[in-house]
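Working from the sequences, and respecting the hints, build out all of it.
If you read the sequence shown in this note's numbering, its first letter stands for residue 5, the second for the next number, and so on.
Just so you know, these hints were derived from the structure itself, not from any lab. It cannot be assumed that every hint is accurate.
[Unchecked claim] Derived lysine-lysine pairs resembling DSS-like cross-links, with alpha carbons at most 27 Å apart:
1. 296 x 281
2. 91 x 444
3. 281 x 444
4. 406 x 296
In this text, all values refer to a predicted model and were calculated from it rather than measured experimentally.
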Amino acid sequence: QRVLRHAGHEASPHTLFFADGDNPGRDVQFEAGLDSVPKANRYMARLFGSENYLDLAYRDHQLEQVAGESSEANIERWFKDTGSRLKPGDRVILYAAAHGGMSTDKENAYDTKLYLWNNQALQTRRLADLIHGLPGDVSVVLIMAQCYSGGFSHVIFNEANAGKGDQPRSVCGFYATIHTRTAAGCTPEINEENYQEFSSHFWAAMLGESRTGKAVESCDFDGDGQVSFEEAHAHTILSAETIDIPLKTSEAFLVARSRFQDKDNLFFMPRNEPYSKVISTARPADRAVLEKLSERLGLEGEDRHSAATKAAAGIEKKRKDLQDEGKKKKGPVRQAKNAIRDQLRSRWPELANVLTVQSTHLLTDEANAFVEAIEAHPGFDEWGRLEAELEKIEDERFLLEKQWILHQRFIRTLEHVILAANLELSDDGGAKKRLEEILKAESGTL
Numbered sequence: 005q006r007v008l009r010h011a012g013h014e015a016s017p018h019t020l021f022f023a024d025g026d027n028p029g030r031d032v033q034f035e036a037g038l039d040s041v042p043k044a045n046r047y048m049a050r051l052f053g054s055e056n057y058l059d060l061a062y063r064d065h066q067l068e069q070v071a072g073e074s075s076e077a078n079i080e081r082w083f084k085d086t087g088s089r090l091k092p093g094d095r096v097i098l099y100a101a102a103h104g105g106m107s108t109d110k111e112n113a114y115d116t117k118l119y120l121w122n123n124q125a126l127q128t129r130r131l132a133d134l135i136h137g138l139p140g141d142v143s144v145v146l147i148m149a150q151c152y153s154g155g156f157s158h159v160i161f162n163e164a165n166a167g168k169g170d171q172p173r174s175v176c177g178f179y180a181t182i183h184t185r186t187a188a189g190c191t192p193e194i195n196e197e198n199y200q201e202f203s204s205h206f207w208a209a210m211l212g213e214s215r216t217g218k219a220v221e222s223c224d225f226d227g228d229g230q231v232s233f234e235e236a237h238a239h240t241i242l243s244a245e246t247i248d249i250p251l252k253t254s255e256a257f258l259v260a261r262s263r264f265q266d267k268d269n270l271f272f273m274p275r276n277e278p279y280s281k282v283i284s285t286a287r288p289a290d291r292a293v294l295e296k297l298s299e300r301l302g303l304e305g306e307d308r309h310s311a312a313t314k315a316a317a318g319i320e321k322k323r324k325d326l327q328d329e330g331k332k333k334k335g336p337v338r339q340a341k342n343a344i345r346d347q348l349r350s351r352w353p354e355l356a357n358v359l360t361v362q363s364t365h366l367l368t369d370e371a372n373a374f375v376e377a378i379e380a381h382p383g384f385d386e387w388g389r390l391e392a393e394l395e396k397i398e399d400e401r402f403l404l405e406k407q408w409i410l411h412q413r414f415i416r417t418l419e420h421v422i423l424a425a426n427l428e429l430s431d432d433g434g435a436k437k438r439l440e441e442i443l444k445a446e447s448g449t450l
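Encoded structure:
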């Protein structure tokens, strides 16, 4: 709604399905912060259970003009009632900010899921059927931020299966990550200033400002005076410091319909084609990604694919070494925790079950005594130090993963530019025409 308003399209027809619709029940999960949890509860969780979900809270959503709950029935009804009345030249933009799941189809790993309200799900194949049931000459743009969202890039194929041929409809999409990975937006974080997820960066690029009103550097990479969908996607690849590997439709199409050099196609470019030749064929948005990531990652010379691949492997090695180091530290952490826990159980035997009446008293009227007993234990400081070391290792592994992700973004962009050039060299006229149509749709704007 904010995007439509800022882009001058507030009057454009739009339908919002969210959570449980206008039901006043609590339907939004958020992090209240561990500071909101009493110290006694935090210690009880750390020593006798888990801190997972400890600071989660729930409230009703605050969105306006919600048409109904995000259900299969409502989505299918929209396509049947509203979608069927669309006219040639109309365009549908489907934006999904939700949770997602992996495919459970052993024959099609791309049939991933968009989770809906009340344990429902919309799968790639079903959405493909709904989209391709729209009237002719109605185009569709997808922006999807959920985990495993890249599976939906295959709605361009019959039955969402690349082996069953291409669908003729104009469809393009931009997805937070590939079909095998979770996405950064899967979080109850509500601090908009710190919130890092695919669609926030994407829409910020389209509007020129973030959700908090901060100006975004222009990403009009082709200099035509406006920001296209593909340019917003490129901006997201460059600016989102997340675990995401963003994907667009043309890339999914190229993986399915083009190829690298092999013994039967020696005139095609290999993955390690000289960089200067590859970059000369790149579209402006892809060129910006490759050049800016090259600078950021310190990639130089002609064989940047090999350099990036080698660097990524080195990062993975460091992450594995840190993981091994962390495993070694878990034993001492466990011993320190058990020592404190044993002393507490010696004083309060009821802690053998944290749901006993006495155990609940330790979280209420006896909370001060419980906290004092823990903090007075001679091994308390050592326990804290060991846990801090373990947390530091995990933080380092996470930072390394984000570096690995940047290399993957570079490698995948480089490979897709090569695949596009190779498709142009092929004799597959149908695939060339289809790619042109997809690229035209991706270069569209609001």
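Results for each hint:
Our distance criterion of 27 Å between C-alpha atoms is met by residue 296 and residue 281, whose separation comes to about 17 Å. Distance hint between residue 91 and residue 444 is fulfilled; the C-alpha atoms sit about 20 Å from each other, no more than 27 Å. Annotation: proposed proximity of residue 281 to residue 444 holds, straight-line Cα distance about 24 Å (limit 27 Å). Our distance criterion of 27 Å between C-alpha atoms is met by residue 406 and residue 296, whose separation comes to about 16 Å.
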